[in-house]
Amino acid sequence: MKMWTRLQVLTLALFSKGFLLSLGDHNFMRREIKIEGDLVLGGLFPINEKGTGTEDCGRINEDRGIQRLEAMLFAIDEINKDNYLLPGVKLGVHILDTCSRDTYALEQSLEFVRASLTKVDEAEYMCPDGSYAIQENIPLLIAGVIGGSYSSVSIQ
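Taking mature numbering (1 follows the signal peptide of the UniProt record, and there is no 0), I'd label the letters of the sequence shown as residues -24 to -1, 1 to 132.
There may be inaccurate statements among the hints.
[Stated by the list, open to error] Listed next, the in silico SDA-like pairs over lysine to any residue satisfying Cα-Cα at most 25 angstroms (straight line): (1) Lys26 x Leu93; (2) Lys66 x Ile52; (3) Lys66 x Glu8; (4) Lys10 x Leu117; (5) Lys26 x Asp39; (6) Lys66 x Ile118; (7) Lys10 x Arg40; (8) Lys10 x Gly27; (9) Lys66 x Gly29; (10) Lys10 x Pro104; (11) Lys10 x Glu54; (12) Lys26 x Met48; (13) Lys10 x Asn56; (14) Lys10 x Leu82; (15) Lys26 x Asp14; (16) Lys10 x Leu86; (17) Lys10 x Glu46; (18) Lys26 x Glu8; (19) Lys66 x Arg35; (20) Lys66 x Thr79; (21) Lys10 x Gly120; (22) Lys10 x Ala119; (23) Lys66 x Arg90; (24) Lys10 x Thr79; (25) Lys66 x Phe88; (26) Lys66 x Ile11; (27) Lys57 x Leu86; (28) Lys57 x Ile9; (29) Lys10 x Leu93; (30) Lys10 x Asp58; (31) Lys10 x Arg35; (32) Lys26 x Lys57; (33) Lys10 x Pro63.
Bear in mind the hints are in silico, worked out from the structure with no lab data behind them.
Working from the sequences, and respecting the hints, build out all of it.
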């Protein structure tokens, strides 16, 4: 149970302090958690409530959002620790905050689509010095998505 308490405190601290915010394309603020792996699962959770006025996101949604986020992170951690379940495969995650809004969730989830469209085979491109091209800021290719929490989000 101590593991859960520490995870809850860490998760709340990170999201409430904005450590998991990144600036996406067109200056769109993306609220995300990325953990690289051989196989990456996406997650769409209402970690924040709907914002008011011009704010996209409101206060932390402890019951519906944080608990689901923690459950996914805990499950991925447990699977990765067990060498028998997926030998030689490390699971990763790319979790996005839907802010309890279907339109915001759609904007966030386009990141999953971008990953499949922008993945470049570096071996296909050579630099003049003979080295292979290196693509920076590569979106993680998502194998599947868990969520959204609301039907309207999933339909989007």
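Hints and how they fare:
1. Lys26 x Leu93: 30 angstroms, violated
2. Lys66 x Ile52: 9 angstroms, holds
3. Lys66 x Glu8: 19 angstroms, holds
4. Lys10 x Leu117: 11 angstroms, holds
5. Lys26 x Asp39: 14 angstroms, holds
6. Lys66 x Ile118: Judged against 25 angstroms, a Cα distance of about 13 angstroms means the pair holds.
7. Lys10 x Arg40: With Cα atoms ~20 angstroms apart, Lys10 and Arg40 stay inside 25 angstroms; holds.
8. Lys10 x Gly27: Judged against 25 angstroms, a Cα distance of about 24 angstroms means the pair holds.
9. Lys66 x Gly29: Violated, at roughly 41 angstroms.
10. Lys10 x Pro104: It is violated: about 33 angstroms lies between the C-alpha atoms, which goes past 25 angstroms.
11. Lys10 x Glu54: 17 angstroms, holds
12. Lys26 x Met48: Roughly 22 angstroms separates the two Cα atoms, so the pair holds.
13. Lys10 x Asn56: 15 angstroms, holds
14. Lys10 x Leu82: 18 angstroms, holds
15. Lys26 x Asp14: 33 angstroms, violated
16. Lys10 x Leu86: 15 angstroms, holds
17. Lys10 x Glu46: 14 angstroms, holds
18. Lys26 x Glu8: Holds, at roughly 16 angstroms.
19. Lys66 x Arg35: 33 angstroms, violated
20. Lys66 x Thr79: 32 angstroms, violated
21. Lys10 x Gly120: 14 angstroms, holds
22. Lys10 x Ala119: Cα-Cα ~14 angstroms, so holds.
23. Lys66 x Arg90: 22 angstroms, holds
24. Lys10 x Thr79: Roughly 22 angstroms between the alpha carbons, so the hint for Lys10 and Thr79 holds.
25. Lys66 x Phe88: Given that 25 angstroms is the threshold and the Cα spacing comes to 19 angstroms, the pair holds.
26. Lys66 x Ile11: It holds: about 10 angstroms lies between the C-alpha atoms, which stays within 25 angstroms.
27. Lys57 x Leu86: 30 angstroms, violated
28. Lys57 x Ile9: 19 angstroms, holds
29. Lys10 x Leu93: 19 angstroms, holds
30. Lys10 x Asp58: Between Lys10 and Asp58 the Cα gap is close to 21 angstroms, so the pair holds against 25 angstroms.
31. Lys10 x Arg35: Within the cut-off at roughly 22 angstroms; holds.
32. Lys26 x Lys57: Roughly 35 angstroms separates the two Cα atoms, so the pair is violated.
33. Lys10 x Pro63: 22 angstroms, holds
The earlier numbered hints that this structure contradicts are 1, 9, 10, 15, 19, 20, 27 and 32.
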